[in-house]
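Enquirer: Here is what each chain is made of, one letter per residue.
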Amino acid sequence: QKEVEQDPGPLSVPEGAIVSLNCTYSNSAFQYFMWYRQYSRKGPELLMYTYSSGNKEDGRFTAQVDKSSKYISLFIRDSQPSDSATYLCAMGPGGGNKLTFGTGTQLKVEL
Amino acid sequence: GAVVSQHPSWVICKSGTSVKIECRSLDFQATTMFWYRQFPKQSLMLMATSNEGSKATYEQGVEKDKFLINHASLTLSTLTVTSAHPEDSSFYICSARDSRGLGQETQYFGPGTRLLVL
Numbered sequence: 001q002k003e004v005e006q007d008p009g010p011l012s013v014p015e016g017a018i019v020s021l022n023c024t025y026s027n028s029a030f031q032y033f034m035w036y037r038q039y040s041r042k043g044p045e046l047l048m049y050t051y052s053s054g055n056k057e058d059g060r061f062t063a064q065v066d067k068s069s070k071y072i073s074l075f076i077r078d079s080q081p082s083d084s085a086t087y088l089c090a091m092g093p094g095g096g097n098k099l100t101f102g103t104g105t106q107l108k109v110e111l
Numbered sequence: 112g113a114v115v116s117q118h119p120s121w122v123i124c125k126s127g128t129s130v131k132i133e134c135r136s137l138d139f140q141a142t143t144m145f146w147y148r149q150f151p152k153q154s155l156m157l158m159a160t161s162n163e164g165s166k167a168t169y170e171q172g173v174e175k176d177k178f179l180i181n182h183a184s185l186t187l188s189t190l191t192v193t194s195a196h197p198e199d200s201s202f203y204i205c206s207a208r209d210s211r212g213l214g215q216e217t218q219y220f221g222p223g224t225r226l227l228v229l
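These protein sequence lines are chains A and Z, in that order.
So the first sequence is numbered by the working numbering: it starts at 1 and just counts up by one.
So the second sequence is numbered by the working numbering: it starts at 112 and just counts up by one.
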């Protein structure tokens with residue numbers, strides 16, 4: 001069993017839809033959670049960073065963490081074609097230790 | 112803020128040659144940098160963790176003599192692929208950990224270097 005599980009997709013939604021992306025994890029030591037967006041042939045771009053259970057909102061993006069269920073989500077409201085990319089979840093125990101990444105979910109927002 | 116650059120962005124070389132890739136944190140100091148490899152439509156594979164002024168820590172299965180890492184300053188780490196072969200062709204991405212404040216657990220990625228070995 002992988003430490004971090006993420007559905008690879010592809011996930012295809014119409015423009016304007018609310019997108020829900022999820023990751024589950026098994027390591028209870030993980031305390032810091034991140035979401036990255038990666039366009040084709042580019043490096044990942046940090047979208048959200050959280051370290052506590054609950055919701056964190058930034059524009060059209062909301063990150064949700066449920067440590068009791070070991071489940072994190074990223075919601076994208078009013079999705080746009082420019083949101084089409086691969087979304088990677090990442091998490092770590094802190095203390096400067098390495099992050100563990102999900103495999104990424106490929107999202108396509110269609111006109 | 113938190114910008115990481117990589118150079119070159121792509122390189123084509125002949126089998127047997129060595130290739131050096133630079134990773135720079137432009138607006139912050141990075142005591143720790145990471146090197147990843149990514150194959151098409153696959154996730155990031157951590158190769159090694161590079162700490163300024165000390166030897167890199169390599170992940171299991173990564174040949175340290177093949178992939179030489181140097182982190183000589185707080186803003187620069189280099190990865191040298193020695194005696195490159197076609198199977199080393201891949202997308203190499205570096206990241207830098209921002210040790211400031213709450214961001215100390217986050218990693219900021221460079222744009223990546225595409226290596227093609229003929």
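Hints may be right or wrong, so weigh each one.
To be verified - Below are the DSS-like pairs computed for lysine-lysine, each with C-alpha atoms no more than 27 Å apart in a straight line:
hint : chain 1 : residue 1 : chain 2 : residue 2
1    : A       : LYS56     : A       : LYS42
2    : A       : LYS70     : A       : LYS2
3    : Z       : LYS175    : Z       : LYS125
4    : Z       : LYS125    : A       : LYS56
5    : A       : LYS42     : Z       : LYS177
6    : A       : LYS98     : A       : LYS70
7    : A       : LYS98     : Z       : LYS125
8    : Z       : LYS175    : Z       : LYS152
9    : A       : LYS56     : A       : LYS67
10   : A       : LYS98     : A       : LYS42
11   : Z       : LYS177    : Z       : LYS125
12   : A       : LYS42     : Z       : LYS131
13   : A       : LYS2      : A       : LYS42
14   : A       : LYS70     : A       : LYS56
15   : A       : LYS2      : Z       : LYS152
16   : Z       : LYS152    : Z       : LYS177
17   : A       : LYS98     : Z       : LYS131
18   : A       : LYS98     : A       : LYS56
19   : Z       : LYS131    : A       : LYS2
20   : Z       : LYS152    : Z       : LYS166
21   : Z       : LYS131    : Z       : LYS166
22   : Z       : LYS131    : Z       : LYS152
23   : Z       : LYS131    : Z       : LYS175
24   : Z       : LYS125    : A       : LYS2
25   : A       : LYS42     : A       : LYS67
26   : Z       : LYS177    : A       : LYS108
27   : Z       : LYS175    : A       : LYS98
28   : Z       : LYS152    : Z       : LYS125
29   : Z       : LYS125    : A       : LYS70
30   : A       : LYS42     : A       : LYS108
31   : A       : LYS67     : Z       : LYS131
32   : A       : LYS98     : A       : LYS2
33   : Z       : LYS177    : Z       : LYS131
34   : Z       : LYS166    : A       : LYS98
35   : Z       : LYS152    : A       : LYS42
36   : A       : LYS2      : A       : LYS108
37   : A       : LYS108    : A       : LYS56
38   : A       : LYS56     : A       : LYS2
39   : A       : LYS67     : A       : LYS2
In case anyone wonders, no lab produced these hints; they're calculated from the structure.
Enquirer: The structure should be examined with respect to each hint, and the outcome stated for every one.
Expert: Hints, verified against the model:
Straight-line distance between C-alpha atoms of LYS56/A and LYS42/A comes to about 26 Å, which keeps the hinted pair within the 27 Å bound. Proposed proximity of LYS70/A and LYS2/A is supported: the alpha carbons are some 13 Å apart, at most 27 Å. At roughly 21 Å between alpha-carbon atoms, LYS175/Z and LYS125/Z fall within 27 Å of each other, so this suggested pair holds. Restraint check for LYS125/Z and LYS56/A: not satisfied, since their Cα atoms lie roughly 48 Å apart, outside the 27 Å limit.
At roughly 24 Å between alpha-carbon atoms, LYS42/A and LYS177/Z fall within 27 Å of each other, so this suggested pair holds. For the hint linking LYS98/A to LYS70/A, the alpha-carbon distance of about 19 Å falls within 27 Å, and the restraint holds. Between LYS98/A and LYS125/Z, the direct Cα distance comes to roughly 33 Å. Violation of the 27 Å bound is thereby established for this hinted pair. Proximity of LYS175/Z to LYS152/Z is assessed by CA-CA distance (about 25 Å); at most 27 Å being required, the pair is judged to hold.
Among the hinted pairs, LYS56/A with LYS67/A is consistent with the structure: their alpha-carbon atoms are about 14 Å apart, no more than 27 Å. Of the supplied pair hints, the one linking LYS98/A and LYS42/A holds, its CA atoms being roughly 21 Å apart against a limit of 27 Å. With a C-alpha separation of about 16 Å, the suggested pair LYS177/Z and LYS125/Z falls inside the 27 Å cut-off, and the hint holds. For the proposed pair LYS42/A and LYS131/Z, the alpha carbon gap of about 19 Å is at most 27 Å, so the pair holds.
Distance check on the hinted pair: LYS2/A and LYS42/A sit about 25 Å apart at the alpha-carbon level, within 27 Å; holds. Proximity of LYS70/A to LYS56/A is assessed by CA-CA distance (about 17 Å); at most 27 Å being required, the pair is judged to hold. For the given pair, LYS2/A sits about 18 Å from LYS152/Z by alpha-carbon distance, which is consistent with the 27 Å threshold. Between the alpha carbons of LYS152/Z and LYS177/Z the distance comes to roughly 24 Å, so the proposed pair stays at or under 27 Å and holds.
Between LYS98/A and LYS131/Z the CA atoms are separated by roughly 23 Å; this keeps the pair inside 27 Å, and the hint holds. Among the hinted pairs, LYS98/A with LYS56/A is consistent with the structure: their alpha-carbon atoms are about 23 Å apart, no more than 27 Å. Distance check on the hinted pair: LYS131/Z and LYS2/A sit about 32 Å apart at the alpha-carbon level, beyond 27 Å; violated. Only pairs whose Cα atoms come within 27 Å are accepted, and LYS152/Z paired with LYS166/Z is rejected, the gap being roughly 31 Å.
Restraint check for LYS131/Z and LYS166/Z: the C-alpha separation of about 17 Å stays at or below 27 Å, so the hint holds. For the proposed pair LYS131/Z and LYS152/Z, the alpha carbon gap of about 24 Å is at most 27 Å, so the pair holds. Between LYS131/Z and LYS175/Z the CA atoms are separated by roughly 14 Å; this keeps the pair inside 27 Å, and the hint holds. Taking the CA atoms of LYS125/Z and LYS2/A, the gap is near 37 Å; set against the 27 Å cutoff, the hint is violated.
About 31 Å separates the Cα atoms of LYS42/A and LYS67/A, which puts this hinted pair outside 27 Å; it is violated. Restraint check for LYS177/Z and LYS108/A: the C-alpha separation of about 38 Å exceeds 27 Å, so the hint is violated. Between LYS175/Z and LYS98/A the CA atoms are separated by roughly 18 Å; this keeps the pair inside 27 Å, and the hint holds. At most 27 Å may separate the alpha-carbon atoms for a hinted pair to count; LYS152/Z and LYS125/Z meet this at roughly 25 Å.
Between the alpha carbons of LYS125/Z and LYS70/A the distance comes to roughly 47 Å, so the proposed pair goes past 27 Å and is violated. For the proposed pair LYS42/A and LYS108/A, the alpha carbon gap of about 16 Å is at most 27 Å, so the pair holds. Distance restraint check for LYS67/A and LYS131/Z: the Cα-Cα separation of roughly 41 Å exceeds the 27 Å cut-off, and the hinted pair is therefore not satisfied. Annotation: proposed proximity of LYS98/A to LYS2/A holds, straight-line Cα distance about 16 Å (limit 27 Å).
Between the alpha carbons of LYS177/Z and LYS131/Z the distance comes to roughly 12 Å, so the proposed pair stays at or under 27 Å and holds. Of the pairs offered as hints, the one joining LYS166/Z and LYS98/A holds, with about 16 Å between alpha carbons and a cut-off of 27 Å not exceeded. Taken as a hint, the LYS152/Z and LYS42/A pair is honoured in the structure, with Cα atoms around 12 Å apart against an allowance of 27 Å. For the hint linking LYS2/A to LYS108/A, the alpha-carbon distance of about 25 Å falls within 27 Å, and the restraint holds.
Restraint check: the Cα-Cα separation between LYS108/A and LYS56/A comes to about 24 Å, which is no more than 27 Å; the hinted pair holds. Of the pairs offered as hints, the one joining LYS56/A and LYS2/A holds, with about 26 Å between alpha carbons and a cut-off of 27 Å not exceeded. Our distance criterion of 27 Å between C-alpha atoms is met by LYS67/A and LYS2/A, whose separation comes to about 17 Å.
In summary, the numbered hints that this structure violates are 4, 7, 19, 20, 24, 25, 26, 29 and 31.
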